[in-house]
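Visitor: Please model the entire structure based on the sequences and the hints provided.
If you're matching positions, the sequence shown starts at 7 in our numbering and goes up one per residue.
Worth flagging that the hints you see were computed from the coordinates, not collected in a lab. Backbone N, C-alpha and C fix where the C-beta goes; we use that ideal spot for every residue, glycine too. Fair warning: there could be bad hints in the mix.
Restraint ranges, calculated between C-beta atoms of paired labels, are given here [said to hold, decoys possible]:
id	residue 1	residue 2	range
1	Arg83	Leu183	31 to 41 Å
2	Gln90	Ala44	19 to 29 Å
3	Leu99	Phe171	19 to 29 Å
4	Gln227	Thr63	33 to 43 Å
5	Phe52	Val168	34 to 44 Å
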Amino acid sequence: MSPLSGVLTETWALYRRYAAHFLLIAFVIYLVAAILVALLSLVGIFGYFLGEIIELTAVFLLQAALVKAVQDVRDGRVDLNLSQTVQAALPYLLPVAAAGILAAIGITIGFILIIVPGLILLTFWCLIVPFIVIGETGPIDAFKKSWQTVRGYAWNVFGTLVLVFLIYLAFIIVLALILLFLPTFLRSFVSSVVVGTLVAPFLALVITLIYYRLTAAHASQAYTSTGPEGGTVWEPPYPTTPADSAAARTPPPAAPPATAAPTPPPAPPGPSGPTAPGPRDATLPYSTQQEPPPPPPSEPGPATPPESPPPPPPSTP
Numbered sequence: 007m008s009p010l011s012g013v014l015t016e017t018w019a020l021y022r023r024y025a026a027h028f029l030l031i032a033f034v035i036y037l038v039a040a041i042l043v044a045l046l047s048l049v050g051i052f053g054y055f056l057g058e059i060i061e062l063t064a065v066f067l068l069q070a071a072l073v074k075a076v077q078d079v080r081d082g083r084v085d086l087n088l089s090q091t092v093q094a095a096l097p098y099l100l101p102v103a104a105a106g107i108l109a110a111i112g113i114t115i116g117f118i119l120i121i122v123p124g125l126i127l128l129t130f131w132c133l134i135v136p137f138i139v140i141g142e143t144g145p146i147d148a149f150k151k152s153w154q155t156v157r158g159y160a161w162n163v164f165g166t167l168v169l170v171f172l173i174y175l176a177f178i179i180v181l182a183l184i185l186l187f188l189p190t191f192l193r194s195f196v197s198s199v200v201v202g203t204l205v206a207p208f209l210a211l212v213i214t215l216i217y218y219r220l221t222a223a224h225a226s227q228a229y230t231s232t233g234p235e236g237g238t239v240w241e242p243p244y245p246t247t248p249a250d251s252a253a254a255r256t257p258p259p260a261a262p263p264a265t266a267a268p269t270p271p272p273a274p275p276g277p278s279g280p281t282a283p284g285p286r287d288a289t290l291p292y293s294t295q296q297e298p299p300p301p302p303p304s305e306p307g308p309a310t311p312p313e314s315p316p317p318p319p320p321s322t323p
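Guide: As structure tokens, this is what we get:
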């Protein structure tokens with residue numbers, strides 16, 4: 007079974023469950039950006055370009071904030087409010103912006119060529135932002151890790167993105183029909199805020215859940231979806247590349263058992279009788295030199311009486 011089976015169902019369940027939290031984050035960021043862009047557009051050409059920069063910054067900030075919000079609610083409760091979520095996403099703004107600009111250039115060039123390279127890059131680079139925000143990797147490493155994680159599941163990821171695009175297209179058509187009676191300027195403003203508020207959280211949920219599911223698959227771990235409040239959810243290992251994850255799961259080789267020091271061979275047995283000591287060999291250890299056996303102790307015997315002198319010869323008259 008594909009690890010992405012049921013990803014859209016889980017996305018919709020989380021979207022409905024935490025809609026107030028996700029929509030508030032997206033609405034505030036898009037609303038502030040839209041107001042600033044509208045005001046700067048009245049200044050002139052310089053204000054127009056500055057407004058474009060602000061709008062692009064808001065897009066990158068919203069991506070980082072929504073991914074952080076999805077990571078926050080996976081334990082079944084909202085731990086970070088709006089300001090805390092934005093503050094937690096601010097350190098990742100520049101890396102996300104750098105990676106987003108590079109990815110946009112590469113994907114655009116791919117679409118200009120023959121479209122297919124653009125679709126390939128869009129599929130393999132779709133996890134860049136989760137790797138930066140959740141995996142805490144740099145922009146360049148995020149491209150590599152996203153490619154390695156999607157590899158092997160590219161068709162599943164591509165099919166999921168196609169379904170999300172069709173949902174987005176249908177929503178755009180319906181919204182355009184609803185706002186058709188509004189003036190052009192107001193219609194553009196409302197469409198930007200509404201589409202960004204409603205669609206951006208859903209897209210962030212899809213991408214972040216794909217990230218969690220594929221990293222779990224590469225780590226050979228069972229993916230745990232968002233459960234009840236305070237429930238335990240699976241977090242990817244760090245680093246999250248397949249090669250590093252496999253290396254992290256491989257236990258280190260056991261150390262070879264310590265071998266005892268070799269004992270010197272016993273000295274060959276000598277003759278049983280007493281031998282005279284020979285010269286000592288200076289090249290051998292002292293303990294291996296053979297010592298002469300001590301002489302046996304003499305046992306005391308009975309004392310022998312001294313011999314009596316012979317009797318003198320008899321005298322003659």
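Visitor: List, from low to high, the hint numbers that the structure doesn't satisfy.
Guide: Of the numbered hints given earlier, the structure breaks none, since each of them holds.
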